[in-house]
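Protein chains: 2
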Amino acid sequence: MEKGNHMDPTDFRKEVRRGNWDKPTAGVAPGYAQANLVILPRSAALDFLIFAQRNPKACPVIDVLEAGVIEAPSGKDSDIRRDIPRYRIYQKGKGHREVSSIEEVWQQDFVSFLLGCSFTFESELIKQGIPMKHIDLGRNVSMYQTNIPCNSAGSLSGEMVVSMRPIKSSQISKAVEISGRYPEVHGSPIHIGNPEAIGIEDINKPDYGDQVPIGEEEIPVFWPCGVTPQSVLKNSGVDFFITHAPGYMFVTDIKNEELGR
Amino acid sequence: MEKGNHMDPTDFRKEVRRGNWDKPTAGVAPGYAQANLVILPRSAALDFLIFAQRNPKACPVIDVLEAGVIEAPSGKDSDIRRDIPRYRIYQKGKGHREVSSIEEVWQQDFVSFLLGCSFTFESELIKQGIPMKHIDLGRNVSMYQTNIPCNSAGSLSGEMVVSMRPIKSSQISKAVEISGRYPEVHGSPIHIGNPEAIGIEDINKPDYGDQVPIGEEEIPVFWPCGVTPQSVLKNSGVDFFITHAPGYMFVTDIKNEELGR
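Protein sequences, first through last, are from chains A and B. Under this note's numbering, read the first sequence as residues 1 to 261, first letter to last. Under this note's numbering, read the second sequence as residues 1 to 261, first letter to last.
Since the hints were derived computationally from the structure, they do not count as laboratory data. Treat the hints loosely; a few may be bogus.
[To be verified] For lysine-lysine, the following DSSO-like pairs were computed, each having C-alpha atoms within a straight-line distance of at most 30 Å:
(1) Lys76(A) <-> Lys57(A)
(2) Lys205(B) <-> Lys255(B)
(3) Lys92(B) <-> Lys23(B)
(4) Lys76(B) <-> Lys255(B)
(5) Lys234(A) <-> Lys92(A)
(6) Lys255(A) <-> Lys205(A)
(7) Lys57(A) <-> Lys57(B)
(8) Lys255(A) <-> Lys57(B)
(9) Lys174(A) <-> Lys57(A)
(10) Lys14(A) <-> Lys174(A)
(11) Lys57(A) <-> Lys255(A)
(12) Lys92(B) <-> Lys255(B)
(13) Lys255(B) <-> Lys57(A)
(14) Lys133(B) <-> Lys255(A)
(15) Lys174(B) <-> Lys174(A)
(16) Lys76(A) <-> Lys57(B)
(17) Lys255(B) <-> Lys174(A)
(18) Lys57(A) <-> Lys234(B)
For clarity, every value in this text was computed on a predicted model and none was experimentally measured.
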């Protein structure tokens, strides 16, 4: 068992800050919600928050750090610049680079957004007897760029990114009901079966994450995904933004059950 | 029966725009959600949207109109500058004045927010056999400034305003459950009984709206109220903002049941 599996969120964030953790965060600090990160200069932040308000399934905001603030309300003594194991810094026309700290590029006008992450509902699905195949295979979840349009906001527009989990036909209804109780971590699926209908040409070639095989009794079930903002910000030509690297999340002090209803 | 009671939202908004409706909007376009309005210059809008995100029970955002936009996504062919029967224009140090149109003060950097309104859950409570005493008495609901602190955001801070409805002890549980299904229109009560505990000195002297007597078998039940932003923006010394006048709401195209879960 990994060391991170025994830590509480505060201790885990300290380990990350000390540079002792450079792996994905799946499974660490069990029972606590993890979060996607988006950081934008203040000038672009209002459009993004309106975008999130209009697309709550893809972008469920659980925390906002005002310009220049580094401690997340959902993480006591946290430092948003150093407490995620791997960040992506995007610059228009240059793609992105990955770093383990953003202290050196930090500006006082940076506004940070933490968005709910599917780890929370996955752990509830597993508890209730619905296996997560990608976890059993030790892989990252499969993610796809779709043709499902997001609701635009100001200068921001684009299509939704979804995550896919193969679910047995007999368990799909239960999976919908359980994940539906967690609207702040993407909620219920956006699409069930029929990948072509949402613009996925080859289900065996995910655009992000790993390939996960779909068994004979299984149907691919698609949930809105926290990678959507990265895709939309790129698509909309935003000059500069920072995110977490996929799978390397911010571990919050929020218990999973606090996000359920 | 009032003329407005037979109109759909689009027709009603046109009547308002023509200057043919200068009364509160309770009861018009039955079945459709009404909304509180807050308009701020773009420079103050991000703080307000973060404030709303942190105080979703008092400030449930159902719509945002980007800077300069006058048509609300939730109101086809609407004009946010003219479709509310009465507006309040606040200027720091000068209090407010009431007008029937804000066309003359409109600026291209104005961002408009529509917030869910309790009319939606009230109509559901009545349908399910819980009488709304203030409606039966033909009065406005009683509203009180409390000492319940809101979560601050940037320059914005203050205490919550609540609305009070006297409910029979035998029906309080049901009232909590029903209103709880409508999180986008303030959701479940914030406090039940014991007004002193939330800083209300005299339950017979509301700070806004009308006095409503509490019967022997009744307990005062308090819900977060859409007047909270007006109180917080004033308290925080914001230079300029516009709201609807209490009771004179924006009528949306959203059906009440769309806001339930």
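Going through the hints against the structure:
no.	hint	in the structure
1	Lys76(A) <-> Lys57(A)	holds, 26 Å
2	Lys205(B) <-> Lys255(B)	violated, 34 Å
3	Lys92(B) <-> Lys23(B)	holds, 27 Å
4	Lys76(B) <-> Lys255(B)	holds, 13 Å
5	Lys234(A) <-> Lys92(A)	holds, 7 Å
6	Lys255(A) <-> Lys205(A)	violated, 34 Å
7	Lys57(A) <-> Lys57(B)	holds, 19 Å
8	Lys255(A) <-> Lys57(B)	holds, 20 Å
9	Lys174(A) <-> Lys57(A)	holds, 19 Å
10	Lys14(A) <-> Lys174(A)	violated, 37 Å
11	Lys57(A) <-> Lys255(A)	holds, 20 Å
12	Lys92(B) <-> Lys255(B)	violated, 36 Å
13	Lys255(B) <-> Lys57(A)	holds, 20 Å
14	Lys133(B) <-> Lys255(A)	violated, 40 Å
15	Lys174(B) <-> Lys174(A)	holds, 27 Å
16	Lys76(A) <-> Lys57(B)	holds, 24 Å
17	Lys255(B) <-> Lys174(A)	holds, 28 Å
18	Lys57(A) <-> Lys234(B)	violated, 33 Å
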